[in-house]
Amino acid sequence: MNLLEKLDAAAAARKAMLPEGVGAFGIPIEEVYSATEARIGERRVILLGTNNYLGLTFAPECIQAAHDALDAEGTGTTGSRMANGSYYGHRALEREFAEFYGYCTGIVFTTGYQANLGTISGLVSRGDTVLIDSDSHASIYDGCILSGAEIIRFKHNDMIDMEKRLRRLGNRTANTLIIVEGIYSMLGDQAPLAEIVDLKNKYNCTLLLDEAHSIGVLGETGQGLVEETGLQNEVDFITGTFSKSLCSIGGFCVSNHPQLDQLRYLSHPYIFTASPSPATIASTRAALVLLREGKTLRRQLWRNCTQLYDHLQKAGFTLGPEPGPVIAAILDNPRQALQIWQNLLENNIYVNLILPPAAPDGKSLVRCSVNAAHTTEQISYVGETFARLHRQILDTDA
Amino acid sequence: MTDSNYDEILQLLRDRLSSIASSEIIITAETNIISELSIDSIKLLNLIMEIEDTFDISIPINALADVQTVHDLASLISRIKSNH
Ligand SMILES: Cc1ncc(COP(=O)(O)O)c(C=O)c1O
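Protein sequences appear in the order of chains A and B.
Going by my numbering, the first sequence opens with residue 1, and the numbers climb by one from there.
Going by my numbering, the second sequence opens with residue 1001, and the numbers climb by one from there.
Just so you know, these hints were derived from the structure itself, not from any lab.
Treat the numbers as computed from the prediction; the structure is a model and nothing was measured.
Warning: the hint list may mix true and false statements.
Unchecked claim - Here are the computed lysine-lysine pairs in the BS3-like style, where the Cα-Cα straight-line distance is at most 27 Å: (1) K164/A / K1043/B; (2) K164/A / K1081/B; (3) K1043/B / K6/A.
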């Protein structure tokens, strides 16, 4: 097979899974009305598949800050942080992130994907080991591969399995980076951080926590799982993204190890890419202020999360182990998942469809992301629609 | 590396792979794991975890970059096992 034939084969495999005309992936959103509503085709839909957890995409403070930066500094930096792309705002945001976590330093990256790529490949290299959760996000896998370190996986959130693998590493654990996520993006469950910290200390490893989905969502001031568990002094590095609760694009790494700053000189995903635009940085800085003060938003978010989780559980869906902003209905059969996804859209509800091998254990997911701006009525309507589809599609197939 | 070590691993791999493969072909040492058996990357990674447990060894998944056939995988495991 030549290069193009391989792409044709991949297209054929995808077509076999999705019937003709079903564009479940990359569906165009024609118009966005608010944090919870948009137009897809001719339908006005409820957005239940975004990562806009605090509902801040239209926050006037963020929009104003972005406008001001656009006027004052132009559309783009046209260069790397290493060269001409480090503006006052980038530095300020780094200080603000470090201060937010009570750490000594922080680095801003152009995307959350690059934050993981740049941090991991800067921290470990050939001869070192990374121990990662089997459900890790692709940016973690890719960062590990880029680093050249030996990659060992442990079973998702299984501490007995994790310790078994640490024990096998013998004296290599001193050069081992453990990587976990605050909230996992597929099933919305949280890492057992206290137990992970115990193992990290017992085996003398280094710990990196990706708070991509948990920043803004967990903890009194929204730091994430690290704050929820009070383990700020035990986690060595925290990465995260601006693309979810902070409603822009970009990523960060913070740490209380001053050595983190060395990454500015050796991490390719930091150096060989243009820095975030001034407007992006300005809206993120404004959003970080709102996120820290966002106790009420977090309360609304969690009310919505538990409401939807309860609805779907009562309807008979198999869900992830705990409620959270990501709530996934787990299905054995991709055809049923697709049918539910399509029916939801016909009922003006947009959620995410995840088919194998992207979902864990060969399952298919109909994944909802809840946000603080959803109304109780919207959540009830979604819950009722799911319940009806369970009766129509799953109960009749059974 | 002893041959019995390799043979035992090869047999184990043939058994495990045939239980997770979606195609029904007879698996030999020369079978290509990804293209002939339609085993997706996640299934293969999970199989590696299982083999690590069976032999109490660490198999870095980067090493899979060089693995195409069942023989390649059996040799890799056998090498790691005898260095252990
Ligand atoms: C756990 C995790 N880490 C990192 C990222 C990458 O973030 P970004 O979208 O900002 O590149 C994501 C995004 O989906 C994620 O889920």
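Hints, verified against the model:
no. : hint             : in the structure
1   : K164/A / K1043/B : holds (21 Å)
2   : K164/A / K1081/B : holds (17 Å)
3   : K1043/B / K6/A   : holds (21 Å)
Of the numbered hints stated above, none is contradicted by the structure.
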